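Visitor: Taken in order, these protein sequences are the chains called G and Z.
Per my numbering: the first sequence = residues 1 to 113.
Per my numbering: the second sequence = residues 1 to 114.
Each hint should be verified, as a subset may be incorrect.
[To be verified] Derived pair list, reagent style SDA-like, types lysine to any residue, alpha-carbon separation capped at 20 Å: (1) G:5 x G:28; (2) G:54 x Z:102; (3) G:5 x Z:16.
Hints are computed from structural coordinates only; laboratory data are not their basis.
Remember, it's a predicted structure, so these values are computed and weren't measured experimentally.
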Amino acid sequence: DQQVKQNSPSLSVQEGRISILNCDYTNSMFDYFLWYKKYPAEGPTFLISISSIKDKNEDGRFTVFLNKSAKHLSLHIVPSQPGDSAVYFCAASAGNYGQNFVFGPGTRLSVLP
Amino acid sequence: NAGVTQTPKFRVLKTGQSMTLLCAQDMNHEYMYWYRQDPGMGLRLIHYSVGEGTTAKGEVPDGYNVSRLKKQNFLLGLESAAPSQTSVYFCASSYSQGTYSPLHFGNGTRLTVT
């Protein structure tokens with residue numbers, strides 16, 4: 001049973017518009033969430049994180065929102081750029097319990113020029 | 001900055017052969033991890049280490065062994081490769097385990113077992 005789900009395998013967005021990537025989780029013990037970006041033939045690179053004491057975290061064009069009651073988080077990219085085209089992974093951990101990260105299956109984002 | 005380095009980048013094995021994947025990190029991180037990535041399944045944890053001389057099983061440890069003889073190195077071994085082990089393998093390291101400490105990944109090893 002997948003504890004971290006990304007129900008959209010792919011997403012296409014026009015350059016300059018907003019990209020919204022979604023992630024749902026089932027384990028209520030999760031208290032730390034990360035987003036990773038992965039280009040082909042490279043390892044995942046850390047993008048942005050949020051802990052459960054917050055509901056929003058912003059870093060430049062990237063904003064992550066956390067809705068604990070719905071067990072849902074989303075990554076917003078505004079404005080989207082062609083260089084943002086990659087696979088995005090959501091990951092979660094129960095940090096206070098020393099649990100390792102659990103990753104979602106990923107969403108492939110294509111930003112069209 | 002090297003970060004996390006994995007060798008080799010590619011490997012083809014026949015069923016039953018053995019091999020070792022090497023991971024090295026220069027960030028003085030205590031924690032190191034081996035993941036495999038398969039289509040539609042994200043990254044799954046194979047084994048991890050919380051410090052030099054320690055190892056522990058992750059979500060999918062069967063068919064793999066690991067060793068952490070030096071803090072900066074984490075080795076993943078396949079004693080008798082099987083086609084089900086065809087995958088992309090990623091090594092990662094972190095300052096601490098889980099708690100508010102992102103993972104830093106290497107560029108991966110693509111392994112094909114025929």
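Visitor: Each hint needs a verdict: does it hold in this structure or not?
Guide: Here is how each hint holds up against the structure:
1. Taking the CA atoms of residue 5 of chain G and residue 28 of chain G, the gap is near 14 Å; set against the 20 Å cutoff, the hint holds.
2. As the CA atoms of residue 54 of chain G and residue 102 of chain Z are separated by approximately 17 Å, the hinted pair is consistent with the 20 Å bound.
3. Proposed proximity of residue 5 of chain G and residue 16 of chain Z is contradicted: the alpha carbons are some 34 Å apart, above 20 Å.
Checked against the numbered hints above, the structure violates only hint 3.
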